[in-house]
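Colleague: With the hints as constraints, model all of the structure from the sequences given.
Protein sequences, first through last, are from chains A and B. Position in the first sequence counted from 1, then plus 780, gives you the working numbering. Position in the second sequence counted from 1, then plus 1, gives you the working numbering.
Heads up, none of these hints are tricks.
With a Cα cut of at most 25 Å, we get these calculated DMTMM-like pairs of lysine to aspartate or glutamate: (1) B/K171 - A/D806; (2) B/K171 - A/D868; (3) A/K1045 - B/D22; (4) B/K171 - A/E879.
By construction, these hints were calculated from the structure, which means they are not laboratory data.
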Amino acid sequence: MSRPRLTFLESSLPYAVNAARLIVMDRGMFVADFFLATTVPFLMQFLIWSYLYQGSSISRSFGVLSLSQTLFYYAFSIAFGRLNNGYDVVSNLSLNVREGTLEPHLLRPVPYPLQKLADFMGGGVVYSVPIILVLAVFVFIPPVALNSFFWPGWVLLVVVSQILCFTLSWTVAMMSLWLVRTDFALSLLTTSAAFFGGELLPPYLWPEWLRPLMSYNPFRFMISAPAQAIVTMDGGFVMTALAWTSFYAIAFGCLSAFLWRQGMKRYRGAGG
Amino acid sequence: MKKYLLFFRLGLAVELAYPVDFIGYVFTTLFVHLTRFLFLNGVFDLTSTLEGWTRRDVMVAFIFSVLLSSVVDSFTPSIRTFVRYAHTGRLEPYLVQPLDARWVMIARWIRPGSLFIFAIIAPIAMLTLSNLNVHPTLLQAVGGLFALVIGAIVNIAVMATWSLTTLVSKRDLPTEFIFRQVMRLNQLPPSLFGYKALTALVIFLPIVLTSTVPAMVVARGEYFLLAPMLGAAVLVMILFMISFRMTMRVFDGSGG
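Modeller: Here it is, written out as C-alpha cells:
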C-alpha cells in the first residue's frame, strides 16, 4: 500500500516547527538578542527624540507624529527590523554553497527554497514576541480604539511583509551561486534594511529629494510600513501598503525563482 | 612574529582571490558609512545642537567612527571564523599549533581588506577635518590618535570576549550583529547620556564611546574621558584574558 501523498503544508510544517524550536531551545540567546539588539537602537532613538521634542525644539513640527507616537514608531520598526531580518537566509545558503553541502537539502521532497521559506516563517513566530510586547504596551497603556476592519488588514500586512522579506533575501542569497563568497551581500542586505527600511528616520523626515525613494522602496514595506500603519491607525495606509508589499513579494518571488533555476544549472557542488 | 605576519599575508591572499567580493565589500562598507552620514545630517536638519554638540562635532565623531571601524572590521572575520569552528567542532587543529590561541582567535583569519578602506578614508578625513574648520593642536592630534588606538583595542577585545560565550554555550550567538547594534550608540554625543550613565558606560560598555572620545579631544579639546578610557581598555583586555582561560578550560571541542 502506497503512503498517502502529503500536502505541501504538511511537508513543510516540520521545517517551520524545527526553526521555532531551535530558537526556543536557545532562548538565552534570544533574550540576549532581544535585550541588546532591540532595546539598544531604541535607546538611541529615545535619547535623540526626547531631546528634540523638549525645550525650544518643540515648536518645530517633525511631521505628523507626537513624541509618544514617534517613540512607538521606532519601537515597532526596530522590532519589525528584527523579525524581518533575512541575514540567516543569505548566510545559510552562502555557507552551504561555499562548503559544498547543498546536495542533501536538494534531495528532499520539498523544494529547497520552500524549505527555507518554512524555516524562515517558523523562526518568525518566535521573533514576533517582541512585537507582541510592544503591541501590548501600545494597546493597553493609552487605550486604542479596536477597529475591527483595521486589525485583520494589519495582521495580513505583517504576514505578507514576512514573505516579502524572504523573497527579497532569497534573491540576494542567489548571489552565492555565482560569487561563492557573499559576505558583502550580507552587510549590504542588513544595511539596506536599516537605512531604506525606515529604522533610522521615518520617510517623511528625509530631505525632499530622498523622500520618494524612502517611501516606496521594498525594505520600507518590510519594516516601517507595518509600524507606521499601527501608530497612525490609518486603514487606508494599510491597504496601500498591502498592495505595494504584495507587489514586491511577487516580483522578488519571480526574480528569485528565475535566478534559482539559472543558478542550479551552473551549480557544481565543489564548494569554494 | 613572523608567524603572525603570515596571517596578514594569508588574509590578503584570500581577499584578492575573490576580487568581485572584495570590490563589493569596499562599496558596501562605503554605503554603510554613507547611510550613517545621511542619518546624522537628517537629525541636524531638525536641530542645531544635540546637548551642546554641533553638527561639526558630530561629523568629527563620524569620521573617527569610519576610521575605527575600518581597523576593527579586519579582525571581525577572524573572531567569527574562530567561533564558527568552535561551534562546528573543528577548532582543535588550530589549538594544537605552536601559536598563542588568543592570537589565533583574533588574527588567524584576519581580512585586511578593510585597511584598504582606511587608506582611502584617512586622506579624505584629513581634508574634511580642515573643511569643517577643525585645526587640532599637536596635543589634540596626538590625544585623538591615542584615543583611536584605545578604541580599536577596546572594540576587538570586547567582541572577542562576547564571542567566547559560544565556546561554553555551544550555540551560535549572533555576537557580531549584537555588537553592531550596540555600536550604533557611538553616534550619540556622550553628553546626551548624562554624567551617571556616562560613568556606567565607561566601566561596563566602553565600546559605545570609542569614536566619540577621539572627537571630544580633536573637535572640542575635552580630555577628561581619555584616562578613564585607557583604564577601560586595560580592564577589557584583562577580562578577555581571564575569560579566554576560563572558557578554554570548559571547552570540550565537540561542537554544538
